[in-house]
Structures are given as C-alpha cells and as structure tokens.
Amino acid sequence: MPIARETLLTFPCVFPLKVIGRNVVEFEGEVFSIVQKHVPDAQRGHITRRPSAANKYLALTVTFVADNQTQLDELYLELNRHELVLVTL
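Numbering-wise, the sequence shown is residues 128 to 216 according to the working numbering.
Careful: at least some of the hints might be erroneous.
[Stated by the list, open to error] The list that follows gives simulated cross-link-like pairs (lysine-lysine, BS3-like), each with its CA atoms no further than 30 Å apart:
| hint | residue 1 | residue 2 |
| --- | --- | --- |
| 1 | Lys164 | Lys145 |
| 2 | Lys183 | Lys164 |
| 3 | Lys183 | Lys145 |
[Said to hold, decoys possible] Computed beta-carbon distance windows for the label pairs:
| hint | residue 1 | residue 2 | range |
| --- | --- | --- | --- |
| 4 | Pro139 | Glu205 | 31 to 41 Å |
| 5 | Ala181 | Pro139 | 14 to 24 Å |
| 6 | Pro167 | Pro143 | 16 to 26 Å |
| 7 | Lys183 | Thr134 | 27 to 37 Å |
| 8 | His209 | Pro178 | 15 to 25 Å |
| 9 | Ala181 | Thr134 | 21 to 31 Å |
| 10 | Pro139 | Lys183 | 29 to 39 Å |
| 11 | Leu216 | Gln163 | 13 to 23 Å |
| 12 | Asn182 | Leu135 | 32 to 42 Å |
| 13 | Leu135 | Lys183 | 25 to 35 Å |
| 14 | Leu135 | Ala181 | 32 to 42 Å |
Worth flagging that the hints you see were computed from the coordinates, not collected in a lab. A virtual CB, placed ideally from N, CA and C, is assigned to each residue, including glycine.
Please take these sequences and the hints and turn them into a complete structure.
Following this line, the structure appears as structure tokens:
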C-alpha cells in the first residue's frame, strides 16, 4: 500500500504536466499513450507543443484533471522510465 504524503495540491485539480524529450516522430504519441493509461479522459487537444530553438528537443504540456497524488506519482514514474523522455516537470 502506498505511503500517504503531504501535497500542496487539492484534488481533483487541473494539472499541467510538462514532458521534454528528443524531437522525434514517435515522442508525442508515446507520451500520450502513457498519459492515457493513467488519465483515461486525456485528450490530444489538450497538448501544447514547443520545439527547442534548434528543433532538437520538444516540450509537451499535457493538461488534464488529476484525481489524486498516487495517480500523478505513477504517471511520473512511468514517463521517467521511458527512453525518449529526458525531463518531466
């Protein structure tokens, strides 16, 4: 059973998740696939994209309603294990 910990968030809440990775074709689809596992109501229309100046990296912001801290923890863990993901914020 997960250990309860304090959070500054009040759930449910609108949550902007930023994920940065290499700007390759499959990056956005892989990130969205992982997000959808943890947030079934996530929609592609709620993703904003921002390429780096040299277009080598891509920052995605996925905005969704987070239900609880455990959901966010599990989502971050899975994203951070993915080989295309460099940073999550």
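Comparing the hints with the structure gives:
1. Lys164 with Lys145: Holds, because 17 Å separates the two Cα atoms, which is no more than 30 Å.
2. Lys183 with Lys164: Holds, because 27 Å separates the two Cα atoms, which is no more than 30 Å.
3. Lys183 with Lys145: This hinted pair holds, its Cα atoms lying about 17 Å apart.
4. Pro139 with Glu205: 31 to 41 Å: This hint is violated: roughly 20 Å between Cβ atoms.
5. Ala181 with Pro139: 14 to 24 Å: 38 Å, violated
6. Pro167 with Pro143: 16 to 26 Å: Since Pro167 and Pro143 have Cβ atoms about 18 Å apart, the given range 16 to 26 Å holds.
7. Lys183 with Thr134: 27 to 37 Å: 34 Å, holds
8. His209 with Pro178: 15 to 25 Å: 19 Å, holds
9. Ala181 with Thr134: 21 to 31 Å: Between Ala181 and Thr134, where Cβ atoms are some 36 Å apart, the hint is violated.
10. Pro139 with Lys183: 29 to 39 Å: 36 Å, holds
11. Leu216 with Gln163: 13 to 23 Å: 19 Å, holds
12. Asn182 with Leu135: 32 to 42 Å: 35 Å, holds
13. Leu135 with Lys183: 25 to 35 Å: 33 Å, holds
14. Leu135 with Ala181: 32 to 42 Å: Holds: the Cβ-Cβ distance is about 35 Å, inside 32 to 42 Å.
Hints 4, 5 and 9 from the earlier list are contradicted by this structure; the remaining hints agree with it.
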